[in-house]
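Colleague: I would like the entire structure built from these sequences, with the hints used as guidance.
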Amino acid sequence: MSERLAVRKTYKLFIGGAFPRSESGRSYVVTSSKGDFLANVSKASRKDARDAVTAARKAFPGWSGATAYNRGQILYRVAEMLEGRRAQFAAEVADADGVGAKKAGELVDAAVDRLVWYAGWSDKIGAVLGASNPVAGPYFNLSSPEPTGVVAVVAPPSAPLLGLVSVIAPVVVTGNTCVVIASERAPLPSITLAEVLATSDLPGGVVNILTGSAAEIAPWLAGHMDVNAVDLTGAAPDLAVTCEELAAENLKRVLRPAAKPVDWLADPGVERMAAFLETKTVWHPIGT
Amino acid sequence: MFEYAPAPESRDIVDIRPSYGLFINGEWVEPQGEERHKTINPATEEVLSEIAYASEADVDRAVEAARKAFATWSALPGSERAKYIFRIARIIQERSRELAVLESLDNGKPIRESRDVDLPLVAAHFFYYAGWADKLSHAGFGADPRPLGVAGQVIPWNFPLLMLAWKIAPALACGNTVVLKPAETTPLTALAFAEICRQADLPPGVVNIVTGAGETGAALVRHPGVDKVAFTGSTEVGRLIAKTVAGSRKKLTLELGGKAANIVFEDAAIDQAVEGVVNGIFFNQGHVCCAGSRLLVQESIAEEMLDALKRRLSTLRLGDPLDKNTDIGAINSAAQLAKIRELSEAGESEGAERWSPVCPIPDRGFWFPPTVFTGVAQSHRIAREEIFGPVLSVLTFRTPAEAIEKANNTPYGLSAGVWTEKGSLMLWAAARLRAGVVWSNTFNRFDPTSPFGGYKESGYGREGGRHGLEAYLDV
Chain A
1 MSERLAVRKT YKLFIGGAFP RSESGRSYVV TSSKGDFLAN VSKASRKDAR DAVTAARKAF
61 PGWSGATAYN RGQILYRVAE MLEGRRAQFA AEVADADGVG AKKAGELVDA AVDRLVWYAG
121 WSDKIGAVLG ASNPVAGPYF NLSSPEPTGV VAVVAPPSAP LLGLVSVIAP VVVTGNTCVV
181 IASERAPLPS ITLAEVLATS DLPGGVVNIL TGSAAEIAPW LAGHMDVNAV DLTGAAPDLA
241 VTCEELAAEN LKRVLRPAAK PVDWLADPGV ERMAAFLETK TVWHPIGT
Chain B
1 MFEYAPAPES RDIVDIRPSY GLFINGEWVE PQGEERHKTI NPATEEVLSE IAYASEADVD
61 RAVEAARKAF ATWSALPGSE RAKYIFRIAR IIQERSRELA VLESLDNGKP IRESRDVDLP
121 LVAAHFFYYA GWADKLSHAG FGADPRPLGV AGQVIPWNFP LLMLAWKIAP ALACGNTVVL
181 KPAETTPLTA LAFAEICRQA DLPPGVVNIV TGAGETGAAL VRHPGVDKVA FTGSTEVGRL
241 IAKTVAGSRK KLTLELGGKA ANIVFEDAAI DQAVEGVVNG IFFNQGHVCC AGSRLLVQES
301 IAEEMLDALK RRLSTLRLGD PLDKNTDIGA INSAAQLAKI RELSEAGESE GAERWSPVCP
361 IPDRGFWFPP TVFTGVAQSH RIAREEIFGP VLSVLTFRTP AEAIEKANNT PYGLSAGVWT
421 EKGSLMLWAA ARLRAGVVWS NTFNRFDPTS PFGGYKESGY GREGGRHGLE AYLDV
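So the sequence lines, in the order shown, correspond to chains A and B. In terms of UniProt numbering, the first sequence is residues 1 to 288. In terms of UniProt numbering, the second sequence is residues 1 to 475.
No lab work stands behind these hints: they were computed from the structure. Quick caveat, the model's predicted, so the values are computed rather than measured. Check before you lean on any hint, since a few could be wrong.
Unchecked claim - Within a straight-line C-alpha distance of at most 27 Å, the following computed BS3-like cross-link-like pairs (lysine-lysine) qualify:
| id | chain 1 | residue 1 | chain 2 | residue 2 |
| --- | --- | --- | --- | --- |
| 1 | B | Lys243 | A | Lys47 |
| 2 | A | Lys34 | A | Lys12 |
| 3 | B | Lys38 | A | Lys260 |
What the hints assert, rightly or not - Computed beta-carbon distance windows for the label pairs:
| id | chain 1 | residue 1 | chain 2 | residue 2 | range |
| --- | --- | --- | --- | --- | --- |
| 4 | A | Pro285 | B | Ala401 | 23 to 31 Å |
| 5 | B | Glu299 | A | Met225 | 28 to 36 Å |
| 6 | B | Arg97 | A | Tyr69 | 51 to 59 Å |
| 7 | A | Arg50 | B | Asn409 | 38 to 46 Å |
| 8 | B | Ala75 | A | Ala198 | 18 to 26 Å |
| 9 | A | Pro285 | B | Pro411 | 51 to 59 Å |
| 10 | B | Ala75 | A | Lys102 | 41 to 49 Å |
| 11 | A | Arg21 | B | Asn409 | 33 to 41 Å |
| 12 | A | Asp267 | B | Glu80 | 48 to 56 Å |
| 13 | B | Ala139 | A | Ser33 | 43 to 51 Å |
| 14 | A | Pro285 | B | Pro360 | 32 to 40 Å |
| 15 | A | Gly35 | B | Gln378 | 55 to 63 Å |
| 16 | B | Pro224 | A | Arg50 | 36 to 44 Å |
| 17 | B | Ala401 | A | Gly84 | 37 to 45 Å |
No residue lacks a Cβ here, since even glycine has one placed at the ideal position from N, Cα and C.
Modeller: Structure (structure tokens):
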């Protein structure tokens with residue numbers, strides 16, 4: 001009996017909860033760390049990037065207006081779905097990073113745990129970053145964190161799953177929506193993650209994932225007037241400068257690449273959440 | 001309207017030198033450049049003094065002094081830094097009348113405001129942040145948060161000394177040293193503050209004041225020895241600064257323009273709302289980034305509200321800023337007056353209806369009467385652009401959803417106002433307004449414990465409260 005021929009997956013973009021090919025028809029070859037052919041992956045165009053921003057903007061009122069409890073539940077659901085596909089992700093991470101099966105499994109476990117960790121933050125971050133302010137007068141005065149809006153994220157080129165989850169979760173757990181540029185070299189885990197997101201009760205458009213050239217796509221997003229913030233964690237130094245300059249045009253919040261290489265296994269702290277939160281302070285007189 | 005006899009505050013209390021150098025390393029030094037400019041009283045156009053325009057080399061000297069002072073200042077125990085800042089707060093209280101008069105002379109704002117609003121808030125701000133200096137490990141930024149280094153700070157002319165306090169107090173409390181550039185039209189209280197630093201025996205170089213215009217500010221912002229840039233001013237300049245620091249490790253906070261909506265729902269207490277709307281746009285001649293420059297009033301009460309508003313505006317007194325009965329002082333500069341005139345003319349030519357109360361205007365100085373535009377469309381320039389003057393644009397709405405839609409229809413997001421007697425409606429609206437400060441049934445309230453700053457193109461970072469520390473810590 002001849003060996004069965006495997007059915008391969010077509011890797012497409014993830015925009016507004018759907019999986020379109022690039023409208024440009026472009027694709028590029030992705031290989032394993034050993035150089036073996038893995039897939040032809042969609043190469044996102046400017047139009048795709050704009051469509052993704054539109055989808056993220058459309059999803060923002062509903063997602064930011066959902067209860068923190070609900071957002072936490074959905075992120076926890078994402079962790080559940082990821083856990084269920086552990087073997088598939090481990091294989092993709094092993095291919096992409098050339099790590100052994102055991103290490104790859106540990107990285108997937110860390111990604112699942114990271115999601116669970118952030119899921120728990122949804123209804124606690126307000127208590128940590130908010131404040132009741134004792135103003136010198138008869139006023140009630142309360143500061144609360146609110147999501148910034150649509151965030152463009154350049155995911156780290158290495159750590160294709162753990163790094164990706166570690167930049168997406170802190171952005172969306174607080175109510176932002178995002179457009180993520182996946183690792184150009186190792187995008188396959190990002191699209192498999194999109195399949196997880198699509199089956200986790202996460203509303204369409206909350207996370208949009210583009211594959212392709214970060215050097216091409218990131219400036220389009222950094223210069224887009226309906227994007228509120230950019231996370232340049234995965235941007236090369238020259239690209240980060242270009243994007244920060246473009247971001248100045250409508251005063252986007254900018255998270256610069258870290259000065260030192262990031263250890264994705266370390267405790268992330270609240271910084272990534274805080275970077276994409278605004279503080280709103282409400283005053284009201286007190287009196288009879 | 002009652003007749004009031006003039007009640008001028010005496011200006012004998014201030015002692016203005018004919019010219020000022022730069023305050024660098026605890027000393028008054030002559031600028032290396034030749035350029036000097038006059039600073040005038042905008043109410044009379046009388047020359048008050050001559051100030052230096054610091055050159056790139058002058059800025060370099062100031063940054064170097066701040067760098068040198070940083071090592072020892074940041075190494076002081078927080079409790080010692082706190083005591084210096086407490087001293088400064090006390091000296092400001094002791095000299096508050098003098099500083100209020102000086103502020104009104106140089107800026108044109110009514111003495112009632114500089115005396116009752118600006119100066120008390122300035123002292124309170126230093127008191128508040130003094131107390132943080134030895135409590136930073138409890139502020140939620142880790143066990144031992146470190147300062148950034150040298151802060152380059154550029155401030156505007158609308159609240160000269162208050163903006164200085166907002167910048168310098170948290171910077172020093174966190175252990176940074178500063179180089180501050182006041183606005184070219186209002187440098188005098190910052191120069192008086194330099195003297196206060198000397199009276200407080202603040203170590204040389206911890207605070208440096210360099211006067212000048214845009215070029216001096218640009219030299220400070222791009223100086224490689226600056227670790228932190230803090231700017232309050234126009235969105236246009238904020239953009240340039242954000243571009244300038246791109247690619248550096250400089251931390252940046254920006255407090256920029258606004259076009260705040262004051263939303264009055266039909267169940268609001270009308271008289272209180274009118275007072276709030278008047279305070280919202282005519283306080284400080286409308287030279288306020290968070291001014292309520294758009295009145296959104298529910299259609300069912302628009303007529304009643306406008307009648308009451310016009311009645312109230314007819315009682316405002318415009319004139320001598322040093323007169324204790326003055327409500328509306330002088331426009332800060334000829335350039336600003338030209339801008340207000342240009343936008344007001346655009347309002348008329350685009351079809352809005354212009355109204356001002358009968359209001360005698362002094363012969364000299366820069367003045368603009370309180371002005372209300374009705375029939376304003378969202379597309380009009382006076383509904384979109386920051387006027388930064390005593391000009392109110394009135395729009396109407398029918399449903400709460402429409403009010404929110406219109407209020408948020410601006411690239412700015414600094415502040416907003418909500419007037420209603422219904423608590424649930426207030427909280428509903430406050431949650432949907434994309435603005436950093438929401439005043440409900442009040443407006444233009446400030447406090448050192450309360451974070452202030454904008455969403456969207458109104459900038460980023462917060463000043464005031466625990467949140468205000470983050471701008472000056474390496475976190």
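Colleague: Which earlier hints can't be squared with this structure?
Modeller: Numbers 3, 7, 8, 9, 12 - these are the hints that the structure violates, sorted from lowest upward.
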